[in-house]
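Position chain Y relative to chain G; hints supplied.
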Amino acid sequence: METAISTENLTKRYGRARGIENVSLEVLPGQIFGFIGPNGAGKSTFIRTLLGLIRPSSGHVSVLGNTIPLKSRSVLKQIGYMPSEASYYRGMRALDVFRMSSHLRRKDCERESWVLSDRLGLDPTRPVADLSFGNQKKVAIVAAMQHKPKLLILDEPTSGLDPLVQRAFWDILHERNRQGATIFISSHVLSEVQQHCSHAAIIRDGRILVSDSVSRLGENTARRITLRGINELTQDIINFSGVLKVDIHSSESSILYQGDMHDLIARINQLPYSDIIITEPSLEEIFLHVYERGQ
Amino acid sequence: MTIFFHELKQGKKAGLITSFSSCILLILIMSVQPKVQNQMKMVEKLIAGLGPLAQAFAMDKLDMGELLNFYSLEAGNVLLLIGCSFSCVMGISMLSKEEGRHTSEFLFPHPINRLSVIIQKWLALIIQLVVFIIINTAGTYISFVMLNQPWDMMLFIKIQLSLLILFVCVGSICFSISAFISHEATGVGVGIALTLYVLNLLINLDVGKDIFKYITPIYFTEPAKIVTKGTLDTYFAKYYGLITIASLLLGTLRYAIKDLRI
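Protein chains in written order, with my numbering: chain G, 1 to 295; chain Y, 1 to 262.
Check each hint, because a few of them may be wrong.
[Stated by the list, open to error] Take a look, some chain Y residues computed to stay more than 10 Å from chain G by CB distance:
#1 H6
#2 G15
#3 G51
#4 R101
#5 V130
#6 Y141
#7 L155
#8 I257
#9 I262
[What the hints assert, rightly or not] Below are the DMTMM-like pairs computed for lysine to aspartate or glutamate, each with C-alpha atoms no more than 20 Å apart in a straight line:
#10 K12/Y with E2/G
#11 K150/G with E2/G
#12 K148/G with D205/G
#13 K9/Y with D96/G
#14 K148/G with D96/G
#15 K229/Y with D259/Y
#16 K158/Y with E66/Y
#17 K71/G with D259/Y
#18 K13/Y with D96/G
#19 K61/Y with D206/Y
#20 K213/Y with D233/Y
#21 K13/Y with E184/Y
[Claimed, not checked] Listed next, with one range per pair, are the computed distances between beta-carbon atoms:
#22 N113/Y with G65/G: 15 to 21 Å
#23 G40/G with K12/Y: 38 to 44 Å
#24 K12/Y with G121/G: 29 to 35 Å
#25 R55/G with L147/Y: 26 to 32 Å
#26 K148/G with L232/Y: 51 to 57 Å
#27 V190/Y with G40/G: 34 to 40 Å
#28 F20/Y with G91/G: 15 to 21 Å
#29 V246/G with N113/Y: 55 to 61 Å
#30 D130/G with L205/Y: 52 to 58 Å
#31 D130/G with K13/Y: 46 to 52 Å
#32 R16/G with L250/Y: 26 to 32 Å
These are calculated hints, taken from the structure and not from any lab test. Model, not experiment: these values are computed from the prediction. Glycine residues also receive a C-beta, built at the ideal position from the N, C-alpha and C atoms.
Pulled out of the complex, with its shape left as it was, chain G reads as follows (with noise of 0.2 Å):
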C-alpha cells in the first residue's frame, strides 16, 4: 500500500544544531495522524522538510509516493498546508489571500472559501493585518483547506482558536476525512490528538519516541493525582506499583501514576486529604516519565 508520508532515517541538522534525528515514520492514506511534541521537539523542522521548505541532511523523505524534494511541484498541488504562525503580504485582505493562494494553483476556489470562512466565523472581507490572532489563524485554515487537497498538513491549528470554533475546525477536519484525505496534525495539545487522531507519533529532543495507533498509546497516559491538606504520604503508596513519581509540598501533594486507578485511589481514600485532583500531566512529565522511561 502506497503511503501518505514515508521517512526513513531523516535527519536535519543546522551546523552544530540539532533539527531531527533518524526519524522514521509512515502514515498511510486516510489516517488523521497526530505529532506530539513539545516547543523545540522538532515537529516544524520535520513538517517544512516534508514541503521541500529545507533539505534533509540525510534520509529519504516520501510524500504522495514521490520523493521530496525532487518531485516537489507535483506534490505540493495535493497539499493543503497551514502553518503554525502565518504571515501575510501587506495589504491584504483575507479574500486576497485565498485568490492569491488559487492563482498560486491554478484552481478556482472562490466559492470553497467563502464556505469555509461562512463555517467559521470569518469574515473575509478584512485586512488581514485587522484580524485578531484567531482570526489569523482561520485565513490559515481556508487558504489551507479550500483547494480540498489529498493531504493536510497542519501545525499547530487550533492554538488560538476559541472552543466553538475549534469544535467547527474538527467538524471540517472529520469531514475532509471521510471524503478521503489523509491529516497530518502537529500539537503539542495531547487530549485533542487523543480525541481525533487515528493514529500519532511523539517526537523529543528531534527522535521519535513511539509511533503507534491513538489507543495503544492511549494505554500508556498517566494521570497526576494532587492531594491537597496533606503533606506526607504513606510508603504504601510510595512503593505501589505505576506510581512514576511523588511530589510533596507543605500543603499538598501529588503523584504520578499509570496504571488501574481503582487500585490507588482504594488506598488514597485512607489518607485525610481535604481535596483531589486528577489531571493529565503535562506532555514533558509524559515524555520524562512515561515514554522515555517505560518504552
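What follows is chain Y alone, placed relative to chain G:
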C-alpha cells in the same frame, strides 16, 4: 504570472512615490538652467574655483550653458544617484523579504518552483525600474520643452538608456545578493549604491585605481560621459553585461537549494 503581478502591486506605491518625487526634483533642477545660462561667466569662475570637486563631477569637461550638458551634470547626476539607490534597495529585498517578513511559509508550500519565483520577481523588478526611468524621462522631456532651447534628442535618449542599463545592472546584482540573505537589507542596498557612486567620483578625480572601473558600473553609464563620448563604452558594457548575467546565475543557484528561513 501570479507572483509577477503580486510584486508589481506590492511595489506600486513605493515605486510611484519615488519616481514622481525624483521627477519633480529633476524639473526643479532644470528650471534653474536659464539663470545659469545667463550668468555663465560667473558660473565658469565658480567652477574653476571648485578645483577637484569640479573634476569629480566632470564639470570641468562640459559647458553648463548648454541644455543637455547642464542636464547631464546636474539633474542627470541626481537621477543617477536616486535611481541607483532605488534599484539597489528594490533588488536587495526582492527575494529575501519573503524570509524577512515570514511570508515564505505561505508562498512556497504552493506548487511553484523556485526558478519560476526568481524569474517572476526579477521581471517585476525590471518593470519597476523601466517605469521609474519612463516617468523621469517624461518629466525631464517636459522641462526641456518648457525651456525652449535646442537639444539633441538622440543624445538624450542615449543618456536615459544608459541610466536604465545602470539601474538594471545594479538592481540585478543586488537581486542576486538577496538570494544569499534571509532578511530585508535596505541599509545594505543604500550602502552599495553610495559605495558605487563614491568609487566613480574617485575614478573622476584620478585618485582611484583602474580596478575601480571594474567595480562600479556608474563609470561607463554616467550621463556626463555619454554626453562627452556620444555613446556607451562597449568594452565595459559587455563586461558589466557578463557580470550581471553571472550574478543572476549565481543567485539562482543559491536560491534554488537554500533552506528557507521561516
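So, going through the hints one by one against the coordinates:
no.	hint	result
1	H6	6 Å, violated
2	G15	14 Å, holds
3	G51	48 Å, holds
4	R101	6 Å, violated
5	V130	23 Å, holds
6	Y141	33 Å, holds
7	L155	41 Å, holds
8	I257	7 Å, violated
9	I262	7 Å, violated
10	K12/Y with E2/G	47 Å, violated
11	K150/G with E2/G	13 Å, holds
12	K148/G with D205/G	33 Å, violated
13	K9/Y with D96/G	12 Å, holds
14	K148/G with D96/G	18 Å, holds
15	K229/Y with D259/Y	47 Å, violated
16	K158/Y with E66/Y	17 Å, holds
17	K71/G with D259/Y	17 Å, holds
18	K13/Y with D96/G	18 Å, holds
19	K61/Y with D206/Y	14 Å, holds
20	K213/Y with D233/Y	12 Å, holds
21	K13/Y with E184/Y	18 Å, holds
22	N113/Y with G65/G: 15 to 21 Å	19 Å, holds
23	G40/G with K12/Y: 38 to 44 Å	40 Å, holds
24	K12/Y with G121/G: 29 to 35 Å	33 Å, holds
25	R55/G with L147/Y: 26 to 32 Å	59 Å, violated
26	K148/G with L232/Y: 51 to 57 Å	55 Å, holds
27	V190/Y with G40/G: 34 to 40 Å	37 Å, holds
28	F20/Y with G91/G: 15 to 21 Å	20 Å, holds
29	V246/G with N113/Y: 55 to 61 Å	57 Å, holds
30	D130/G with L205/Y: 52 to 58 Å	54 Å, holds
31	D130/G with K13/Y: 46 to 52 Å	18 Å, violated
32	R16/G with L250/Y: 26 to 32 Å	27 Å, holds
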